[in-house]
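Residue strings, one per chain:
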Amino acid sequence: MSAPTIQSTKVNYLTALKDAIAEEFARDKDIVAMGEDIGLLGGAFGVTDGLQEKFGKDRVYDMPISEAAIVGVACGLCLNGKKAIVEMQFIDFISCGFDQIVNMTATYHYRTAGEVNIPMVIRGPAGAYGGGALYHSQMNEAWFAHSPGLKIVCPSNPYDAKGLMKAAIRDPNPVIFYEIKDLYRRRDIEMELPEEDYIVPLGKAKVVKEGEDITIVTYGQNVYHVLAAAENLEKEGYRAEVIDLRTIVPLDEETIIESLKKTNRLLVVNEAPKTCGVAGEVLARMTENAFQYLDAPPARITRMDTPVPWVKPLELYVLPSVEKITEAGLRICKF
Amino acid sequence: MATTAKADHQTGLNDEASKLPSAQLTKGDYEELLRQLYLARYFDVRLIKEKKRGRLRGTLYSSHNQEAILVGSLFGLQSEDWISPIHRDMPAFFLKDIRKDWNNDDRMGMTIQEVCAQVWGKATSPGRARDNWSHIGCQSKHIIHSTSMLAGTIPAAAGVVLADRLNGKNTIAMTFNGEGSTAQGVFHEAVNFAAVHKLPVVTIIENNQWAYGTPTNLEYPLEDFARRADGYGILGLIADGQDVVDVYDKVMQAVNHARSGKGPSIVECKTFRAYGHGDHDDDRAARYRPADEVEKGRERDPIAVMKKRMVEMGYMTADDAKNYAAEGKGASEVTDIDFPQQVVDYLSKGVEFAIKSPLPEAEEAAQWVFKEVE
Ligand SMILES: Cc1ncc(C[n+]2csc(CCOP(=O)(O)OP(=O)(O)O)c2C)c(N)n1
Ligand SMILES: [Mg+2]
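Protein chains in written order, with the numbering used here: chain A, 1 to 335; chain B, 1 to 374.
It is possible that part of the hints are untrue.
[Claimed, not checked] The calculated DSSO-like cross-link candidates involving lysine-lysine, where the alpha carbons are at most 30 Å apart (straight line), are:
id, chain 1, residue 1, chain 2, residue 2
1, A, 312, B, 49
2, A, 312, B, 356
3, B, 296, A, 57
4, A, 312, B, 51
5, A, 274, B, 371
6, A, 166, A, 29
7, A, 312, B, 52
8, B, 198, B, 19
9, A, 312, B, 349
10, B, 371, A, 312
11, A, 262, A, 274
12, A, 324, B, 371
13, B, 198, B, 169
These are computed hints drawn from the structure, not numbers from a lab. Computed from a predicted structure; not experimentally measured.
Isolated chain A, as found in the complex (with noise of 0.2 Å):
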């Protein structure tokens, strides 16, 4: 806390994750990254601007337009004592890239019996509420969550996107890593950071507010959302508690049952569609590990069962937001 340890000025969201990446790459000199324009450009968002610069040719790689190539490749290298960083450009293109994630990458701990491990990390810009459209625009964490052997994180602030993806090169397992590109650059959760090195341990979920009525479980964009609303639900005299899980898999069930010990009450907001995502496996575990707590329904609000279409009125139209949550809210309050 002393002022020495902070940095005088305020980092965003885009830059703490630049800076994790190239300290990582300063600590270990077996770190290698490849993506699209990741080197020359310095990536679409510019998530690695300067690293090639500052690392050279043979630790930052340009690649051919192929996913495939790049995850298949990156494995190779973990394979061989080499630790890899890899962007997707959007995360919407790692369907590109899917056979070597899931069945390649993610299942090698595991068929080798131990012997081989895969320190991967995957990273890229996800999310909605940009305009992006149906291909700029994804949370495909579900695909993933659905494949044992992956870690999946998504950090919703500058100061755990840092420590989370600090943590997640040094897993020594694959990890992928939901960069919200909507917060990249956003001015208003901009934070000064430590200026020692930390991490964010994986698998471990914060009370990003406290409540005794309800506790709202969410991640990412939506944190923002939640937030919101859980004001708009105190104006009406419920107090909210706000889990941001950071890390999908693990899940952190400890974090959320302390929190239903008190509120007995759960709703879950995620981004993507309703219909086997992380938001139903919240509700399907807290039901089962935590029913004797809980005095009213749980509940989700998700994305609609469709695609994320380009116009504005009908992107906000399948997406949770700060209004069906609160709705939600109450809903459930009033039980």
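Since chain A is already given, all that's left is putting chain B with the ligands on it; use the hints.
Chain B with the ligands alone, transformed into the frame defined by chain A:
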């Protein structure tokens, strides 16, 4: 390994094809080709200006300077042929089958109104603007709808002509791809399948030397991408992408090859990119691109190249060639007087329609996930 193959490499083409298809083109055809170059250019210029004024959403991938590829490739297609354009090919949607009558709304290409409605995000777009910009198509007009996933439509291009073959029809599918997109596995998978079954798929490679911020030498190690055709056992041709007549010649050889049952082909059209990857990249592009690349490239503007040809052929006087001096200029350096009135009027009709059209209703967003089962 790099190869030193010459730009005139023509895999599998035999001598009798030396009689060039363009020999059949009339003065009227030349005039029409030039008009279409202006139309494609004006479309791009107009959108760049509308975007700068803040009237459009989404990313604009300019086709400025690459128009000869679209115009020359589409000019010789028949109405029933299929196309699959990608992000840099917006003009292809209305250039398809436009040759005979620009104003026939029932032709096998999109109307300018439909294309503008799509760009403006209006309900009158063929896809009701559910997805953005080039992600449209029209089944009945034989235009395949692309996703963002590069090279993703080439398998479907093989599929539609396979279906036509099964139905006794002899159509072509023409796919458009940036050179960078060819690194996708699905590109190989689709071309290989088409080659095995000798399907009439003509794959146009718009080789503009860059895939976003990555130069060609990091995309593939060949001097001439068309040599890939050797590996597939198909026809590979190289065209001067700045010269609409050369594009027409090479593409028509490929089309005739396909239509006569000899199978697929790759036609590499060499060109360069006039701006950043998309308008969001215009300023950043200077960081990775040699400063004089664009200026040097503009010396061979496709409009200028065509005018020169027409003067040489006596289809236009040197004085006439000075009219409508859009060539060699960036979007901010031209105004409507640099384009034929017919072109300006045509596009204005589309823009006005788009502006007047309503937005889709928000509730539509929940519709059409599944087709209702009757
Ligand atoms: C599968 C996939 N990966 C990445 C992208 C992002 N992306 C869009 S365009 C582009 C560059 C394409 O280069 P090229 O094929 O040469 O076409 P050009 O833009 O030069 O016309 C990239 C990397 C994408 N759309 N799809
Ligand atoms: Mg290109």
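How the hints compare with the structure:
1. In summary, the hint linking residue 312 of chain A to residue 49 of chain B is supported, as the alpha carbons are separated by about 22 Å, within the 30 Å threshold.
2. For the hint pairing residue 312 of chain A with residue 356 of chain B, the CA-to-CA distance comes to about 18 Å; that is within 30 Å, so the pair holds.
3. Annotation: proposed proximity of residue 296 of chain B to residue 57 of chain A holds, straight-line Cα distance about 29 Å (limit 30 Å).
4. Using a Cα cut-off of 30 Å, the hinted pair residue 312 of chain A and residue 51 of chain B holds, with the two alpha carbons roughly 17 Å apart.
5. Restraint check for residue 274 of chain A and residue 371 of chain B: the C-alpha separation of about 20 Å stays at or below 30 Å, so the hint holds.
6. Straight-line distance between C-alpha atoms of residue 166 of chain A and residue 29 of chain A comes to about 15 Å, which keeps the hinted pair within the 30 Å bound.
7. Proximity of residue 312 of chain A to residue 52 of chain B is assessed by CA-CA distance (about 19 Å); at most 30 Å being required, the pair is judged to hold.
8. Using a Cα cut-off of 30 Å, the hinted pair residue 198 of chain B and residue 19 of chain B holds, with the two alpha carbons roughly 24 Å apart.
9. Taking the CA atoms of residue 312 of chain A and residue 349 of chain B, the gap is near 25 Å; set against the 30 Å cutoff, the hint holds.
10. Between residue 371 of chain B and residue 312 of chain A, the direct Cα distance comes to roughly 24 Å. Compliance with the 30 Å bound is thereby established for this hinted pair.
11. A C-alpha spacing of about 27 Å is found between residue 262 of chain A and residue 274 of chain A, which places the hinted pair at or below 30 Å, so the restraint holds.
12. Using a Cα cut-off of 30 Å, the hinted pair residue 324 of chain A and residue 371 of chain B holds, with the two alpha carbons roughly 27 Å apart.
13. In summary, the hint linking residue 198 of chain B to residue 169 of chain B is supported, as the alpha carbons are separated by about 15 Å, within the 30 Å threshold.
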